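Assemble the whole structure, with the sequences as input and the hints as a guide.
From first to last, the protein sequence lines are chains A and B.
Heads up: the first sequence runs through residues 1 to 423, numbered per our numbering.
Heads up: the second sequence runs through residues 1 to 168, numbered per our numbering.
These are computed hints drawn from the structure, not numbers from a lab.
Note that this is a predicted model, so its numbers are computed, not measured.
Each residue gets a CB set at the ideal place from its N, CA and C atoms; glycine is no exception.
One or more of the hints may lead you astray.
[As the list claims (entries may be wrong)] No more than 30 Å apart at the CA atoms, straight line, and that leaves these computed lysine-lysine pairs for BS3-like: (1) A:Lys56 <-> A:Lys43; (2) A:Lys153 <-> B:Lys159; (3) A:Lys58 <-> A:Lys17; (4) A:Lys92 <-> B:Lys24; (5) B:Lys71 <-> B:Lys24; (6) A:Lys56 <-> A:Lys153; (7) B:Lys145 <-> A:Lys153; (8) B:Lys159 <-> A:Lys43; (9) A:Lys17 <-> B:Lys145.
[Claimed, not checked] Here's a subset of chain B near chain A, in silico, CB distances under 8 Å, partners left out: (10) Met22; (11) Ala36; (12) Ser82; (13) Leu157.
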Amino acid sequence: MDTLAKALISRASGQSKLRVDDVVICEVDLAMIHDSGGPRRVKPILDRLQRQVWDKDKIVVVTDHYVPADNAETQAIQALTKQWVQDQSIDKFYDEQGICHVVLPERGHLAPGLFCVGGDSHSPTGGAFGAYMFGIGATEMAGVLATGEIWIKVPETILMSWRNQLSAYVTAKDMMLAMCRKIGMGGGRYQAIQYAGQTIQALSMQERMTLSNMAAELGAQAGLIAPDEATVAFVQAAGGTVPANWRDFQIEAAESAENVMQFDAASLEPQIAAPHSPENADAADAFRNISFDVAYIGACTGAKYVDLAAAAEVLKGRRIAKNVTLKVAPASLRDQNRAAQDGIMQILQDAGAEFLANSCGICAGYGEDRLAENQVCLSSTARNFKGRMGAPSSQVYLASPYTVAASAVTGRLSDPRQVMGGG
Amino acid sequence: MARLWRFDTTIDTDVLAPGFYMKKPLEELARHCLEAVRPEFAASVRPGDVMLANANMGVGSSREQAAEVLKYLGIAAIIAPSFAGIFYRNAINLGLPVLVIDAALMGLPELVDGADVDFDFHAATLSLEGRGANIPLNPLPDFLKRLILDGGLVPHLEKRFQREESGQ
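Written out as structure tokens, the structure reads:
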């Protein structure tokens, strides 16, 4: 039996009986680009090639990196982006609606069986919907936009098999940091990682997205999850189309995977990763008493609706410590509006949070709002590379939204269970 | 002979092309390449120099400028025990040779930062001043070698479109 990765690549390449390391050409069902690696980079190449986009209905454009555009350079980038979208008659354009990896599924553009590329390294997020999706750079994206095709080397599958249920205040983010610690940032070897087992099946779609998103931090090309009824319900509610044969991609069998790793959710504790790599993870309690300056809840990884809700669960009726600033950048406008309707935004505000735009924000380090010299940050984002979020001397710890919120209350890195009781 | 720039820590895309300067033109972005880990690099690197990096070279973002600034600064080849997938594809698409070296060879005493080296793309070797035998690198698959010899993906596609238009 094929792996899910092979089944998806078979469909897109029209070739059966694929073997690992075969190089095949795939037809692309959807190409996503954003304001940084998108029009400003691909337009000159398409002009040079004298080509228009191959299929405007298969292209989604999102602005999220240079938002807010608060200077002449970034305003020029956004103007170019809008002009190009108009010139190419692209309808699927989401301007300042949130981060591409969150906007794409919430608008119904992802579905089981699709083969997709994105001009961003966190594009494996699409794997949470049973699609093969991976990140590419701008020149390769220009090639896709000109031809509708891309080459791929058929990957091995590394099956991350999770059993049992997570404890209270332990999340997909903690699972991911534990996996980063176990295999390292290169451990995925640019193969396909697939998350499987009862723990995964019990996760909400946005929690699954957190796992697929950080397949990038495991060094994998894709981060797949087999579709199930929850996937179908999400896609349909978002206005997307689920193919009639979606069950052909409901493949989780361990015997077909080239590699299998076993994990137990029941024994997993909240995790924190130390500077400057997600693989520097350990139980949150190992970092207790470390003080910090900025608590950040942001990014496609860590500021979706479920992440905001988790933070609010901790912060309800509590205030952040005096030595800490809490900054929240909800990952999409829709998630922010939903959180506002549910009273979550009010709870965060009452606790002392400041709100930033629905964009990549401090996580990407592209804008004016960044970490200052020697600042220490605890962040719900994916990457804590040296200097990424600001000054080279700044230090970033990574954790779940529960852990970020609980630590903001105590003013020191903390296990959320010590704030909430239990554990 | 060219200079070998050796890096023994993991080099990520964000130190190659820092986010804050991503909005700037390439020449300005290039001036900040690796400044967080080796501040003298951008001003000292010369055309033809070779980079020897640690495993998982180019981990992180999909930003193509991480490879593009190295090419702009004149790096002729990047050699590492392993590469992050997106960075590897980006470099090849820009026509910048990226070659894998067996991890065991990283311990050769001559492979020090600042060594005088010659890189031979066709032979996939590195030769060192004062060392008789060439250091073998893992050859690229033929189709990737072709992409680099064409000068990257864009000239490669130009050739393909010209062929298609002339009906061949």
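Hints and how they fare:
Under the criterion of a C-alpha separation no larger than 30 Å, the hint pairing A:Lys56 with A:Lys43 is consistent with the structure, at around 14 Å. Between A:Lys153 and B:Lys159 the CA atoms are separated by roughly 23 Å; this keeps the pair inside 30 Å, and the hint holds. The suggested pairing of A:Lys58 with A:Lys17 holds, with an alpha-carbon distance near 27 Å, which does not exceed 30 Å. Between A:Lys92 and B:Lys24, the direct Cα distance comes to roughly 27 Å. Compliance with the 30 Å bound is thereby established for this hinted pair.
Restraint check for B:Lys71 and B:Lys24: satisfied, since their Cα atoms lie roughly 17 Å apart, inside the 30 Å limit. A threshold of 30 Å between alpha carbons decides the hint, and for A:Lys56 with A:Lys153 the separation of about 26 Å falls inside it, so the pair holds. Using a Cα cut-off of 30 Å, the hinted pair B:Lys145 and A:Lys153 holds, with the two alpha carbons roughly 15 Å apart. Restraint check: the Cα-Cα separation between B:Lys159 and A:Lys43 comes to about 19 Å, which is no more than 30 Å; the hinted pair holds.
Of the supplied pair hints, the one linking A:Lys17 and B:Lys145 holds, its CA atoms being roughly 27 Å apart against a limit of 30 Å. Annotation: B:Met22 was flagged as interfacial toward chain A, and the flag holds, the nearest CB pair being 6 Å apart, inside 8 Å. Nearest Cβ of chain A to the Cβ of B:Ala36: about 4 Å, under the 8 Å cut. The hint holds. With a least beta-carbon distance of about 6 Å to chain A, the hint placing B:Ser82 at the interface is held under the 8 Å criterion.
Taken as an interface hint, B:Leu157 checks out: its beta carbon lies about 6 Å from the nearest beta carbon of chain A, inside 8 Å.
In this structure, none of the earlier numbered hints is contradicted; all agree with it.
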